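Trainee: Sequence:
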Amino acid sequence: MPIDDLDAERAHLAASRQDLARMRKKVESLDSSTAGNWVSVEILDATLARRLEQLADDPDVPLFFGRIDRTADMGAESFHIGRRHISDSAGDPMVVDWRAPVSVPFYRASRTEPMGLARRRRYGFSHGDLTAFEDESLTDAGAGPEHSAILEAEIERPRVGPMRDIVATIQPEQDVLVRADLSQTIVVQGAPGTGKTAVGLHRAAYLLYAHRDQLTRRGVLIIGPNASFLRYIRDVLPALGEIEAKQATIAELVAENGRSHGAVRAEEPAPVATLKGDVRMAEVLRRAVWSHVGDPEEALVVPRGSRRWRVPTSEAREALEGLRANDLRYAAGRALLPRALAHRVLVQMERSGDSPDDRVHDAVARAKPVKDYAAALWPDLKPARVLFRLFTDAAWLAEVADGLLSEAEQASLLWQKPPRSAGAARWSLADLVLLDEIADLLDRTPSVAHIVADEAQDLSAMMLRALGRRSTTGSLTILGDLAQATTPWASSSWADALAHLGKPDGHVEQLTRGFRVPADVIAYAARLLPHIAPDLEPPVAVRRARGDLTFTTSSVVEALGPALERPGSVGLIVPDASLAAVRAELTEAGLSFAEIGVAGDEETEFDAHLDLVPASLAKGLEFDHVVVSDPTGIVAGEPDRDTGLRRLYVCLTRAVTSLVVRHDALPEELGGVPERVDAKVGA
1102 MPIDDLDAER
1112 AHLAASRQDL
1122 ARMRKKVESL
1132 DSSTAGNWVS
1142 VEILDATLAR
1152 RLEQLADDPD
1162 VPLFFGRIDR
1172 TADMGAESFH
1182 IGRRHISDSA
1192 GDPMVVDWRA
1202 PVSVPFYRAS
1212 RTEPMGLARR
1222 RRYGFSHGDL
1232 TAFEDESLTD
1242 AGAGPEHSAI
1252 LEAEIERPRV
1262 GPMRDIVATI
1272 QPEQDVLVRA
1282 DLSQTIVVQG
1292 APGTGKTAVG
1302 LHRAAYLLYA
1312 HRDQLTRRGV
1322 LIIGPNASFL
1332 RYIRDVLPAL
1342 GEIEAKQATI
1352 AELVAENGRS
1362 HGAVRAEEPA
1372 PVATLKGDVR
1382 MAEVLRRAVW
1392 SHVGDPEEAL
1402 VVPRGSRRWR
1412 VPTSEAREAL
1422 EGLRANDLRY
1432 AAGRALLPRA
1442 LAHRVLVQME
1452 RSGDSPDDRV
1462 HDAVARAKPV
1472 KDYAAALWPD
1482 LKPARVLFRL
1492 FTDAAWLAEV
1502 ADGLLSEAEQ
1512 ASLLWQKPPR
1522 SAGAARWSLA
1532 DLVLLDEIAD
1542 LLDRTPSVAH
1552 IVADEAQDLS
1562 AMMLRALGRR
1572 STTGSLTILG
1582 DLAQATTPWA
1592 SSSWADALAH
1602 LGKPDGHVEQ
1612 LTRGFRVPAD
1622 VIAYAARLLP
1632 HIAPDLEPPV
1642 AVRRARGDLT
1652 FTTSSVVEAL
1662 GPALERPGSV
1672 GLIVPDASLA
1682 AVRAELTEAG
1692 LSFAEIGVAG
1702 DEETEFDAHL
1712 DLVPASLAKG
1722 LEFDHVVVSD
1732 PTGIVAGEPD
1742 RDTGLRRLYV
1752 CLTRAVTSLV
1762 VRHDALPEEL
1772 GGVPERVDAK
1782 VGA
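According to the working numbering, the sequence shown holds residues 1102 to 1784 in order.
Rather than coming from a laboratory, the hints here were simulated on the basis of the structure.
Quantities reported herein were computed from a predicted structural model and do not represent experimental measurements.
The C-beta atom is built at its ideal place from N, Cα and C for all residues, glycine as well.
Mixed in with the good hints there might be a few duds.
[As the list claims (entries may be wrong)] Lysine to aspartate or glutamate pairs mimicking DMTMM-like chemistry, simulated, CA-CA at most 25 Å apart:
no., residue 1, residue 2
1, Lys1483, Asp1473
2, Lys1126, Asp1106
3, Lys1472, Asp1455
4, Lys1483, Glu1353
5, Lys1127, Asp1106
6, Lys1518, Asp1544
7, Lys1483, Glu1416
8, Lys1347, Asp1544
9, Lys1518, Asp1336
10, Lys1518, Glu1369
11, Lys1469, Asp1455
12, Lys1469, Glu1416
13, Lys1483, Asp1396
14, Lys1469, Asp1458
15, Lys1483, Asp1379
16, Lys1472, Asp1544
17, Lys1483, Glu1384
18, Lys1472, Glu1384
19, Lys1347, Asp1336
20, Lys1347, Asp1266
21, Lys1469, Glu1368
22, Lys1347, Asp1276
23, Lys1126, Asp1230
24, Lys1126, Asp1159
25, Lys1347, Asp1428
26, Lys1347, Asp1146
27, Lys1518, Asp1379
28, Lys1483, Asp1494
[As the list claims (entries may be wrong)] Just the calculated beta-carbon pair ranges, DEER-fashion:
no., residue 1, residue 2, range
29, His1608, Arg1545, 22 to 30 Å
30, Gly1691, Lys1483, 32 to 40 Å
31, Glu1500, Ala1477, 35 to 43 Å
With the hints as constraints, model all of the structure from the sequences given.
Mentor: Here it is in structure tokens:
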């Protein structure tokens, strides 16, 4: 490459960094005290703080990663593409945000569809210093496909630490999903290594950019399978300049605001949890809640002055049924019943010659006889008390579950040793989801603008309903892989999942091109697909490097040896039942490591060179080098063999560069050791 071109690009980088510092200094100089009242000052302070965070400059992170040069008939303009917009003192762009419309051709242009581009340039960086660039001509129709060494190096670059953004390497099919319209609910069925998690996070960043006011006002939720996963992805949105999205697990989501009596405090057998996650429970709970509304058995008598006004049972019943016909939430109907009864009294007053006004209406509705009569017909309910009664009152459960649940299923829901009260109950995750459903039957759950839910194939129907009611006026991006379903209550199809979400018209897109998992590794793991997901297309690795796939019968420490000598992160994935033994083995060998999911290791998770990973928490994580120990034990650790094979499929597809399978015996579904790979570490 010409030295003068490289020098010019370095000069542009330096100037862009100076302009970013100038933009930040300008924000720092703004005085919020001139905003007016204290509320305005608080709002402005928060806005300025967010803006300063968005303008933070990390010298190790490139300000731009690409450039597009338009053709002469498009104005012959050039734009540098980066993670955030940077302008010079005159307001002209030095770097264009990757989410801006002008940046689209950088990701989607090709020789067959150049989209007005003459050239696309990619940059190579080392610790923030620009070291190289490569150009791709988009006007030479006769040229063959070009390989981008810089793009490949960025995808395969070793890492230690949480997940990083893929903004410099987004592929055309990924970009289409990232920029899909806000109103559209999308399911991304993605094989391992296809970047579905990154697509979801970059979609959130794009929507926050394109619909800033709407999404900031109504909220964006990122839902992950567990706390370790959320810590793994925590840096992606901030790296893209976005800090507005809230991240939570499904347990945290349904327990928020005290709606469901706190965190998970109990576990239960898988068949019981599966039943509680069945969509039939929604109708059981609906019947349970509305069964509390009574039928008037006596007239309402309201003394007022020297008169006594009487509302017959037939009219009270009409008032009650009229409210129920309006499809109101339970609490809303309860609040309106005294006013509906008071209206009947006012009609009688008018017939007698009085002229009652709104104040009289309010006074009658607040009168003790009216309030007591309404409360007896439409009692106040609390979610925990409803569910407590359902799990302790066999006769009532049989009444509300009639025709929905069998006698055996009803018996499995009943507590064998009931707690003293609802307040003393220890709720499971499935219980919290049911409590959330009841809470929504009582009071409508607020809707957010957009939800991104990862590993959604593992959510039950009732969990999906919990997400759906939080997006009744919004949309969702659902990420998952049916082949990686590892819960007994997992979705059987995306069509079913969309129905439970209340978005039956959602679009399903399947990603099969794998950019992260090496070819030999994904091909070996794909041997399990005919047994766990025969209807899915097998993933296809598009990287030139086939990766290192090795098998050994040595000890765990010996199996780790070669990986620990290489740069990048190392993940040791073991059966959950073997954690204690492997932990002791690593400690005895003097190896430094962090353990995923262990309290006290949160700060070192993913920042250590070696992470000890229980198989149950491997989903969604990636490491440069992976050692999977005892695949047969991983399969045996699940309630059934199909779930065990899916768990093993997850574990085998966590590697970006190399995979070592340490085994005594291999599950027969894997078909033994491939002929073209080493049978022993170092062989």
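Trainee: Next, verify each hint and record whether it holds.
Mentor: Okay, the hints, checked on the actual structure:
For the proposed pair Lys1483 and Asp1473, the alpha carbon gap of about 18 Å is at most 25 Å, so the pair holds. Straight-line distance between C-alpha atoms of Lys1126 and Asp1106 comes to about 30 Å, which puts the hinted pair past the 25 Å bound. Among the hinted pairs, Lys1472 with Asp1455 is consistent with the structure: their alpha-carbon atoms are about 23 Å apart, no more than 25 Å. Restraint check for Lys1483 and Glu1353: satisfied, since their Cα atoms lie roughly 19 Å apart, inside the 25 Å limit.
Between Lys1127 and Asp1106, the direct Cα distance comes to roughly 31 Å. Violation of the 25 Å bound is thereby established for this hinted pair. Annotation: proposed proximity of Lys1518 to Asp1544 is violated, straight-line Cα distance about 31 Å (limit 25 Å). For the hint pairing Lys1483 with Glu1416, the CA-to-CA distance comes to about 28 Å; that exceeds 25 Å, so the pair is violated. For the given pair, Lys1347 sits about 22 Å from Asp1544 by alpha-carbon distance, which is consistent with the 25 Å threshold.
Our distance criterion of 25 Å between C-alpha atoms is broken by Lys1518 and Asp1336, whose separation comes to about 45 Å. Distance hint between Lys1518 and Glu1369 is fulfilled; the C-alpha atoms sit about 13 Å from each other, no more than 25 Å. With a C-alpha separation of about 22 Å, the suggested pair Lys1469 and Asp1455 falls inside the 25 Å cut-off, and the hint holds. Between Lys1469 and Glu1416, the direct Cα distance comes to roughly 19 Å. Compliance with the 25 Å bound is thereby established for this hinted pair.
Between Lys1483 and Asp1396, the direct Cα distance comes to roughly 21 Å. Compliance with the 25 Å bound is thereby established for this hinted pair. Between the alpha carbons of Lys1469 and Asp1458 the distance comes to roughly 19 Å, so the proposed pair stays at or under 25 Å and holds. Restraint check for Lys1483 and Asp1379: the C-alpha separation of about 22 Å stays at or below 25 Å, so the hint holds. In summary, the hint linking Lys1472 to Asp1544 is supported, as the alpha carbons are separated by about 20 Å, within the 25 Å threshold.
Using a Cα cut-off of 25 Å, the hinted pair Lys1483 and Glu1384 holds, with the two alpha carbons roughly 18 Å apart. Between Lys1472 and Glu1384 the CA atoms are separated by roughly 29 Å; this puts the pair beyond 25 Å, and the hint is violated. Our distance criterion of 25 Å between C-alpha atoms is met by Lys1347 and Asp1336, whose separation comes to about 13 Å. For the hint pairing Lys1347 with Asp1266, the CA-to-CA distance comes to about 18 Å; that is within 25 Å, so the pair holds.
Pair hint Lys1469 plus Glu1368 does not hold up; C-alpha atoms about 45 Å apart against a cutoff of 25 Å. As the CA atoms of Lys1347 and Asp1276 are separated by approximately 23 Å, the hinted pair is consistent with the 25 Å bound. For the suggested pair Lys1126 and Asp1230, the alpha carbons sit about 23 Å apart, so the restraint of at most 25 Å is met. Proposed proximity of Lys1126 and Asp1159 is supported: the alpha carbons are some 15 Å apart, at most 25 Å.
As the CA atoms of Lys1347 and Asp1428 are separated by approximately 31 Å, the hinted pair breaks the 25 Å bound. This hinted pair checks out: Lys1347 and Asp1146 have alpha carbons roughly 20 Å apart, not beyond 25 Å. Note on Lys1518 and Asp1379: the hinted pairing holds, with a Cα-Cα distance of about 23 Å set against a maximum of 25 Å. For the hint pairing Lys1483 with Asp1494, the CA-to-CA distance comes to about 16 Å; that is within 25 Å, so the pair holds.
The hint said 22 to 30 Å for the Cβ distance between His1608 and Arg1545, and at roughly 27 Å that hint holds. For the pair Gly1691 and Lys1483, the beta carbons lie near 55 Å from each other, so the given range of 32 to 40 Å is not met. Checked against the hint of 35 to 43 Å, the C-beta distance between Glu1500 and Ala1477 comes to roughly 20 Å, which is inconsistent with it.
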